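Q: One-letter residues, chain by chain:
Number of protein chains: 2
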Amino acid sequence: MKNYIQAEEWNIIEEGFDPHLNKISESLFSLGNGRMGQRANFEESYSGDTLQGNYVAGVYYPDKTRVGWWKNGYPEYFAKVLNAANWMGLGIRLDGEELDLNLCKVTGFKRILNMKEGYLERSFNAELASGKQISVTAKRFFSIANDEIAALHYQLTALNFSGKLELTSFIDGDVKNQDSNYDEKFWDEVGRTQNDSGSYLTMRTKKTDFDVVTGVKTLVFTKAGQSQLSADTAVKDKYLAELTAVDLTAGEAVDIYKIATNLSSQNYDSAELTTSATAVLEAAVLKGFTALLEEQAAAWATKWEEGDIIIEGDVAAQQAIRFNIFQLNQTYTGKDARLNIGPKGFTGEKYGGSTYWDTEAYCIPFYLSTAPQEVSKNLLVYRYKHLEKAIENAQKLGFDKGAALYPMVTMNGEECHNEWEITFEEIHRNGAIAFAIFNYIRYTGDQSYLKEYGLEVLIGIARFWKQRVNWSEARQQYVMLGVTGPNEYENNVNNNWYTSTLAAWCLKYAVEATEIVKAEDPARYQEIAGKVNLEEAQEFADWKAVSENIYLPYDEEKGIFLQQDGFLDKEQTLVSELPASQRPINQKWSWDRILRSCFIKQADVLQGMYFFEDDYDMESLRRNFDFYESRTVHESSLSPCVHSILAAKLNDGEKAYEFYLRTSRLDLDDYNNDTEDGLHITSMAGTWMSIVEGFAGMRVRNNQLSFSPFLPEQWNSFSFNIGFRGVQLKIKVTRDDITIVNPAKTMMDINIFNQLHSVPAGETVIAWKGMAV
Amino acid sequence: MKNYIQAEEWNIIEEGFDPHLNKISESLFSLGNGRMGQRANFEESYSGDTLQGNYVAGVYYPDKTRVGWWKNGYPEYFAKVLNAANWMGLGIRLDGEELDLNLCKVTGFKRILNMKEGYLERSFNAELASGKQISVTAKRFFSIANDEIAALHYQLTALNFSGKLELTSFIDGDVKNQDSNYDEKFWDEVGRTQNDSGSYLTMRTKKTDFDVVTGVKTLVFTKAGQSQLSADTAVKDKYLAELTAVDLTAGEAVDIYKIATNLSSQNYDSAELTTSATAVLEAAVLKGFTALLEEQAAAWATKWEEGDIIIEGDVAAQQAIRFNIFQLNQTYTGKDARLNIGPKGFTGEKYGGSTYWDTEAYCIPFYLSTAPQEVSKNLLVYRYKHLEKAIENAQKLGFDKGAALYPMVTMNGEECHNEWEITFEEIHRNGAIAFAIFNYIRYTGDQSYLKEYGLEVLIGIARFWKQRVNWSEARQQYVMLGVTGPNEYENNVNNNWYTSTLAAWCLKYAVEATEIVKAEDPARYQEIAGKVNLEEAQEFADWKAVSENIYLPYDEEKGIFLQQDGFLDKEQTLVSELPASQRPINQKWSWDRILRSCFIKQADVLQGMYFFEDDYDMESLRRNFDFYESRTVHESSLSPCVHSILAAKLNDGEKAYEFYLRTSRLDLDDYNNDTEDGLHITSMAGTWMSIVEGFAGMRVRNNQLSFSPFLPEQWNSFSFNIGFRGVQLKIKVTRDDITIVNPAKTMMDINIFNQLHSVPAGETVIAWKGMAV
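Going down the list, the sequences are from chains A and B. If you're matching positions, the first sequence starts at 1 in full-length UniProt numbering and goes up one per residue. If you're matching positions, the second sequence starts at 1 in full-length UniProt numbering and goes up one per residue.
In isolation and in its complexed conformation, chain A is listed as follows (with noise of 0.2 Å):
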């Protein structure tokens, strides 16, 4: 854990330079608009401990999985988003001295990510070797007004000499990625031009054959005005270069601008790449870095009025919000269907940049009240299109008849992680992106989904697992053999309480779905019932029975849930009697020790519990919490969130304060020593569940919003808007009541603390605590 981000409510701030926190702070730093993105690398050369990062949306390479022993089944490779052209490379000759803060004395270094208006910010005074003095301010930004387009502004200006400044501006392709598991580089160039309007470089991945033209227009001004650039004529593979070289004058500043482009053949044909990336590019330069800039900070500013959430009295509870927020807007937009969320975003490598459960377990809420409808719909289409290749991937293991699993991780559809005991057994995921297709309807309304698309991956699912399932004659239940949980500190156990639960209410809904599409629509039930070859009496029948019959571990003494068979033959010791030295396990233990605790890494029969929360009441949840929360470790970012929204559903507020810092600071404060690798991005959106799920205690039930709010001790008020069916409502949570503001033209039927509140269009509904029934 660490604590050197200052606290402020808009800005993320570091200051001093210490090398030994850069890479936390380039991923901390990081930028992005969900079309591209940017560790917070230097612009200027940097010989020190770096992590460089820039990444092009949904271009990936099937990097060859690396196993010891390869089993039948396995998936051939792991693809990973790659590490792309750096677009804002600047080269620093000060009279033939390179500037790199490695090799330098630095004062008054200082970082400031503003969320407000969404730039980075970057300061510095250095001394070179040379007793040379400068000082630098760098403004650069992804803009999210125009997702093609990044700008950056950087000012360097001598302090304590005249001399002459040698600039290179350049685009680096010859970039790799650091987890490649055989050091291949994934980029060749296919082609380079460099005119008036810019520098283009355009780089082809091999195998996958995305192509990419990174374009930029580089201009240098000095007092005595504009200073033109020309190639490089030292020709080197995949980098392009333009130079010049200024006179600098001690107390002068130089003034220079990178407008940047990168287009894909994803959006473009290959062919017209460059012309169409010229287009692009002069039109932005036209308009200059400083209305560049204000549209980005108008956009934003949208995208805050939409989905802040102001905390009064907590600085750092204020600011790690916004922080959330802010990361999860720069990584994903929904505009494009063919995206997806990756766990580290733009900010990192790790986990391959693709998607994962995590999209539907925890994002799908927070767009579907912070974003457009169509933003959450695009999410659950890009699984509809992977579809036939779940079926695929299902058939590599043994299932047939349109038996779906889909993938664990996955960047195209295909599965493309490679532990075995991850890729087979945590099949949970599948449940997950069922889950999300109820949950969707659920809060939008929107039944017509199922028949566009979700019925027919609701019947993929469950044919899944009506497969995956067997009967067993000693319990005469159905069992689920061989699964590995949401707590991958377990695996290979039988009957997973949470997947063997999820199974089964997905082979309900699954059934439910169809009535439903066949009553709304009987041609489209027929279409859809051809087209996968649907044995309705038949398969409803043997869902049932699965859904009904399945053998779900209880203990009737405890009368708790049991994680999986025979978890109360494991040693039951306590987190509370874990010394601080052993933690995090996962850093301390080996797997060995590990596998056989009886410590959990992430929520699992509480996940389950949360979802469907209706089925059980609070007695039971009580008990369940008290159980397996005192042998929770967190050690996943996935798993604060849903104990704190079950805290607070349990009353307990300091307990689920204390879970949101958790999730809420995870980055921020370094909390599992591995924010250097990249950001948590997809747990963000669980700390966005814990404020508005949790302290505020939103459900949706039958059409219905409900509120069953509470305020943490240490804050005075919190306050958040919600999209709900096209309205915009206004959320103010006090000590003591909350408050509704309902502008929209119709009535609205809310539910709070347990008493129905009928708001009338364009007015506000204060209810108090004392009201609760």
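Mixed in with the good hints there might be a few duds.
[What the hints assert, rightly or not] Lysine-lysine pairs mimicking PhoX-like chemistry, simulated, CA-CA at most 20 Å apart:
| hint | chain 1 | residue 1 | chain 2 | residue 2 |
| --- | --- | --- | --- | --- |
| 1 | A | K451 | A | K508 |
| 2 | B | K588 | A | K396 |
| 3 | B | K71 | B | K396 |
| 4 | A | K71 | B | K2 |
| 5 | B | K588 | B | K2 |
| 6 | A | K64 | A | K287 |
| 7 | A | K401 | A | K531 |
| 8 | B | K71 | A | K350 |
| 9 | A | K389 | A | K531 |
| 10 | B | K508 | B | K451 |
| 11 | B | K350 | B | K176 |
| 12 | A | K401 | B | K588 |
| 13 | A | K176 | A | K396 |
| 14 | A | K588 | B | K396 |
| 15 | A | K71 | B | K350 |
| 16 | B | K176 | B | K206 |
| 17 | A | K350 | A | K185 |
| 18 | B | K206 | B | K64 |
| 19 | B | K176 | B | K132 |
| 20 | B | K207 | B | K389 |
| 21 | B | K71 | B | K105 |
| 22 | A | K64 | B | K64 |
| 23 | A | K207 | A | K64 |
| 24 | A | K588 | B | K71 |
| 25 | A | K396 | A | K64 |
| 26 | B | K769 | B | K730 |
| 27 | B | K401 | A | K588 |
[Stated by the list, open to error] Far from chain A, by Cβ distances over 10 Å, these chain B residues were calculated:
| hint | residue |
| --- | --- |
| 28 | L90 |
| 29 | E127 |
| 30 | K176 |
| 31 | T244 |
| 32 | K745 |
If you're looking for bench data, these hints aren't it; they were derived computationally from the structure. Here the structure is a predicted model, which is why all the values come from computation and not from measurement. Don't be surprised by glycine CBs; every beta carbon is placed ideally from N, CA and C.
Got chain A sorted already, so can you dock chain B onto it with the hints?
A: This is chain B only, laid out in the frame that chain A set:
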């Protein structure tokens, strides 16, 4: 399964050249002498499919482990026996045309492995592209009389032309392991010498710094007399050659001899390797090929005298058992306590050439009966010498206080496998190592082994089991969680019956062994107790508590031990219901499907009932055999022998014979479609056990041998020799009787068909089946 090897009692014969079978034959016709060995690669160039293999025992390299996701406790490397320099290479050019069987018309091709005398002979006629016809006979061997020597005689005759033969006789040290994880080469050249005595190339392994000199003397004779060779002046790294050119006359043979030596820094001072090699080589050259081959034949005659099994009436079975015995003796001679028995011996790279539990569970019984006692003792001492590393290995996983976990795979005592489900969980190996001590003492009566070496090992192992179990509050018994049994088609199971049974036995035996040493040699006991910090009272109490109250799963209704918790939850299908198209399942099914099926790779419960057979009555054995045998696919080479022995015990002669054939001809008939990777050396000891323990029913009880033989219907008789406590017994089993010759100077009590026979010195006893009680 293939069937191209001709059955002959003393020879393995391949007739006709089929390039598709070449890698299989390269394995089958492998040569070795315990110190070094070689696949049956061709001497001359071969551009077709081949797996080149030359090996020097004990010379290994720590190849960096390859896994997808790293976890704490994973071994850093996978040690492997290295592909070493090829000493027998010949480049043969006929009037400028290279001899390469892949590019010739080959006729009359024949390979013979002469097991009686221990050599490989290959002969063929070849017509080159030019139309030139030649005939070749090549004979080579690895001397077991002097295990530093190998020799080759290559005779080439021009059939339809006269011309020029350009010969390159080379040593090629520029080799790599096909299974290298990162395509790395493991050798550097550190020395080369060429003089009249021969060519000497010295290579050094990276990291481990083993030096190996390969010295070769090449002699060439034509009708005109001996040809001189000269050093190749074109210097190539890691490669040393001599050249000559001779005139060929149609119909006249050229004789090429290569006498070779491999010496390593394990046995010689590095600085004197070449000097030593020169001495060894000069002495061998002085003897000459023919005399060396005579020595070889004589040495093998002794081996066969001691260890042959003669089967009358079944040539295929006779050939098979001799092949198994021959390969075992080629692999391990027991002269060097630092060496062990790699699963593939000198016949391939797979499994790293390292030590597995196969040694203790399968090979020890073979060497106990067929080799001097010292050989088995050396195998035990090998583990004693690794005790410290086994304690370190356990520490890495979180065990302490002297608990020892022997590695699953090792070269130098360190763990070097890299699947967690094997390394961390397949801990029954620890039990097999303890059992081998018990078995050795039971067989030899050498109780002193305990105080010399055994006790320390048993204490370390007992401490491990004590810590590896945990108390289950739920069961009020000790349980053993997260285990993989011998049946690797399950893993991470709880309460594997075999492992827990073995653990309980180890704990009991450790106490017994301590009591023995204490009683026999109190001073030595004090010494050991002090060295290992034995807290006798507490530790013994703990060990007894676990041993007496460990949970062993049992199904009352079926009257069988359960392989592990939940085994009966699996869908119970039988191997007989598996279509042939689905087998072997490890090639046809996904790993997921295999794990979840009830099919068993290898004897598991039955392995335990074999080890501890006196603890179970025949009815219990029959129930368990019937249940598990019908679910066992025998896709481990180690499985059929145990089933054969138990079937014999259950008087199911047909099954016993069926399993015998499967184990004995596993490689000759390429049963599992993997002989091309190398032979299954360690399972060959199981083949021997099938006859001696299975058909002959040999056991050691109360310091006496006992027999309870039966003769497979297909055979007329079988006979074998057994060394037991200094006496070489000759045993012959016919349809109706068993004859035992006691050539010793003292009487021997032998139990036959449950009746005690006192066999006087130098006499023969014949017992009839009818005499059985």
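Q: Hint by hint, work out which the structure violates, then give me just those numbers in ascending order.
A: Checked against the structure, the hints that fail are numbers 4, 6, 13, 19 and 21, while the rest are satisfied.
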